[in-house]
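In case you want the letters, here they are:
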Amino acid sequence: MIPAAFDYQVADSADAAVAALVSHGDEAKLLAGGHSLIPLMRFRLATPAVLVDIGRLSDLSYITDAGDHIAIGALTRHRDLETSELLGAQAPLMAAVAGQVGDPQVRHRGTLGGSLAHGDPASDLPAALLACGGSLVARGPNGDRTIDAADFFTGFLETALAADEMLTEIRVPKAAGIGWSFQKFNRRAQDWAIVGAAVQLGDAPKVALINMGSVPMRSAAVEAALASGAAASDAASVAGDGAEPPEDLNGDAEYRRHLARVLVGRGIEEAQS
Amino acid sequence: MNAIGTPMKRREDPKLLTGEGKFVDDIQVAGQLWMGMVRSPFAHAKIESIDASAAEDAPGVHAVYTGAQLQEMELWIAPLPCAWPVTDDMVNPPHFPVAAEEVHHVGEIVAVVLADSRYEAADAAELVVVDYEPLPAVASIEAAVADEATAHSELDSNKAFHWPLIPDPEALDAAFANAVHTVDARFVQQRLIPAPMEPRGVLAIPSPHGGEITLYSATQVPHILKVMIAATSGISEAKLRIIAPAVGGGFGAKLNVNPDELLAVTLANRLGRPVRWTEPRSEAAFSTHQGRGQLQHIELAADADGKLTGVRVHIDADMGAYMMLITPGVPLLGSFLYTGVYDVPAFGFTCEGHFTNLTPTDAYRGAGRPEASYAIERAMDLLALEVGVGPDEIRRRNFLAGGEAFENLDVASTLTFDSGHYGPNLERALELADYEGLRAEQKRRRDAGERIQMGIGLCTYVEICGLAPSRALGGLNYGAGGWEHATVRLLPTGKAEVVSGSTPHGQGHETSWSQIVGDKLGIDPADVTVLHSDTAISPLGLDTYGSRSLSVGGVAIAAACDKVVEKAKLIAAHSLEASPDDIQFEAGVFSVAGSPDQTVAIQEVAFGAFTAHDLPDGIEPNLQEQVSFDPPNFAFPFGTHVAVVDIDEETGEVRLTDYIAVDDCGNQINPMIVDGQVHGGIVQGVAQALWEEAVYDDDGNCQNPSLLDYLVPSAAEVPSIVTDSTITPSTNPLGVKGVGEAGTIGSAAAVINAICDGLSPHGITDMLMPATPQRVWRAINDAKGGAA
Ligand SMILES: Cc1cc2nc3c(=O)[nH]c(=O)nc-3n(C[C@H](O)[C@H](O)[C@H](O)COP(=O)(O)OP(=O)(O)OC[C@H]3O[C@@H](n4cnc5c(N)ncnc54)[C@H](O)[C@@H]3O)c2cc1C
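Sequences listed follow chains A and B, in order.
First residue of the first sequence: 1, per the working numbering; consecutive thereafter.
First residue of the second sequence: 1001, per the working numbering; consecutive thereafter.
If you're looking for bench data, these hints aren't it; they were derived computationally from the structure.
Positions of the beta carbon are idealized from the N, C-alpha and C atoms, including for glycine.
A hint or two may mislead.
Sample of chain A residues at the chain B side, in silico, Cβ under 7 Å [as the list claims (entries may be wrong)]: (1) M1; (2) F6; (3) A46; (4) A49; (5) V50; (6) R187; (7) R188; (8) L249; (9) V262.
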């Protein structure tokens, strides 16, 4: 449980962090809450030569009303999302999901940007952002660009971020009054989901699945069924279609596909009620 | 003043909760070297060559030793000990701290790095290049029994021993031949990884000129460790001092003599520098023994009414790669309990131990008894189904002594149960649980075809603890006795000091002992200091395991107090100018019978014994007495546990909704501590039923060594447990029984019985542990014909 040796730097601004990424290239990793990166380092599954600590950039920790969407700083902790009245009113799915991540310690340390940049298909917040139809702002040496959540997760623990880019803001469209549901199935309260489903209805209903493939994903089949007015149970019955879920001690692929159908069904029913 | 029986808050806690407790890893000494272990990635392999040159050149590295080098250095005179050779012909391959030629489980140490810091030690350990020739691995108990490959190349079988306990074979055969109802069931006790909050750790400090060695170890057994380290290292016992500082839980995992302990002592001794190691959690699945690991076959014979006539049991027990301290004895600790709380005329038990290429097994909370109570209590539910009565009724029909109170009752497994009164205990649990109400709700849900069904499970366990009459242990080939030592002294100011040979690691001994001494000497428990866990302060002792501390060590303390009072009485009589026969002692005050104004307090007597100015002739100064108490019998606590589960038939999720435990551990010194032990014990048994299992692949790699995947439950998963007790005093002078393991012994069976009860409409009668959602879902799905 002892990480390999590394250098440690503290960034005093997002620009400084990006500059550090530019100068160290692949060797460097940003450190936010450290709740995904440090465990990997302790198992020596990640061995970055340089850690650039962005955890103290308090100017990137905010939740603000930006007109048609809520803007969230990348360094905002899960706990702040969970307890934000603004988020609770305008993007309740996002706030509710944040409250289901890990345990209180994890929620006080982990950041939204870190969770999304890590791109873990078993994580909750990527699915939430997908179901909310959100987008992400990345800062690189040439300035900012905005990436749609649907285009962000590109492979197992891989995202559309370049090695010298950093997430600065997450944008979540307002969804007050729109039906939503979050279904997380796990064995202990603090655990990652064996399978989970995030549902947000509205004009274009979105259903995102957790731990049903190598990336955080939306279920096109369920969304299409819902868009064409299918009943909850019918829409849910296609939830596992095409998915290639991981197999581990908690569940094989068959069980996960079954769970996906059950959880999506419950999610749609709850969102509709 | 009545401290005994009062739920006093634990005096240990403020210190622990504020970080004042000093654990091994908190103790820093100058000049210390850290060990970094190079561990085998193979379960079974020959070591072809080891190249440590890069590690030797790494920063901060003092030395790297391979197993072969250590053997040449002659650091030890014997392999790591097994103190319980259960049969005379038991196979016991030598187990040295570092493998020299062949490794027998993943994580076995093949080389040790010594470096200035733990970081440098860990980095250098990565640089040691070992060339292995992999051999076929015996990666499960099933494979060991099949005996196609052997776990040790030099052995031609994996079988280590065969141990029978069949008091009357003919009666047993007759019972089965004449049975009206029979049950024939097989259960699996999966391997468990003990996970005390504090991992293990060692720090050995030599004094190069004086020759003494002090070993700090996160151990439950400093006294046993001292004897064993002396016997294996060749270092004089008189030069060894073992200290178990604050120890953060053990559950049996710290009841051993481990490679790291022997390495630290012998290397420190050889190098003249302190040597230390703290177990990283990522190594704990290999560097500390595991629990359970049994295949059980139990058969019941009963008459037409479901009254038991015979019980026959065979166990195949997974020893793991080596015999550790009491590895082979663990299944035997359960052997006497396979007839449970029931009146069984004929009994037979056989156990075979087998080697596998997996982490060694050894004691884990309950050690053999949770396995036993699981098998008999699961089997009783199957008998109830067979006979067509409820699980409560089958138990009532079979209780020893018809459920009435008894003392010193001989049972078929050849033991004598100290005391019991099973009937009222069961009825109390059923009443607290509102058993009838639960059954009604279960029926309602079944009739309505609800998605969430309910299961209700009972377990009426008995266990054997208070290890142990030394003679009985001798009869079982155990290598030590079962007594406990206590010294009680009254200091000049009238405060008391107690030296205890039992070694707490979370149980609250200091609180309980001060309550006993306070009452016995008639002083305030706050005036009692309890010393323990350091062999220089407490040279005699046999430590804490097998729920023995109170029923052996506590009784020793009470007896030592009695001796102190006896002597003090002589001094009091002298100063009151009365005959000792006329002296009465109550609440700390000696008085003369018939003249209540003539008194002297025990504190004054203590001062008089210290000044020794005016003692009666022939009486030595000071008030200090000691007792080595050897218990005349084990203690047999019992109880009824009721588990209630919700089963989501769509997902297979099992949620424990209610848990009612009525335990009987005899007289209680501190009911709050009893309650705490019961709670923790229950959760550990529930964990075996629902969450925990060390899973190995076919090559002998543990699939879930980290706490990310090895699911130790938290408070969030467990309902508020309802506890109550009945009180049936034991036959020892305090009337006490142990309670440290009882919760674990009763709970796994209660939970699995509840699950099987809930699923019985599907025809499901068994469920493997842990009952994962996937397993439960699949069982339901298969029962429905597989249409998901
Ligand atoms: C015990 C435990 C339980 C958990 N349970 C859950 C759970 O139930 N559900 C769940 O979803 N998650 C869970 N997590 C993960 C937790 O949510 C993490 O906090 C989160 O996934 C990562 O956020 P972080 O700020 O800690 O990122 P870090 O660990 O600091 O970083 C993660 C990765 O993201 C990169 N990164 C961080 N910030 C940025 C940025 N602004 N721009 C670009 N790259 C960045 C890092 O370089 C690194 O590669 C758990 C973690 C633990 C330790």
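Do the hints match the structure? See the list:
no. : hint : result
1   : M1   : holds, 4 Å
2   : F6   : violated, 11 Å
3   : A46  : violated, 15 Å
4   : A49  : violated, 14 Å
5   : V50  : violated, 17 Å
6   : R187 : holds, 6 Å
7   : R188 : holds, 6 Å
8   : L249 : holds, 6 Å
9   : V262 : holds, 5 Å
Checked against the numbered hints above, the structure violates hints 2, 3, 4 and 5; every other hint is satisfied.
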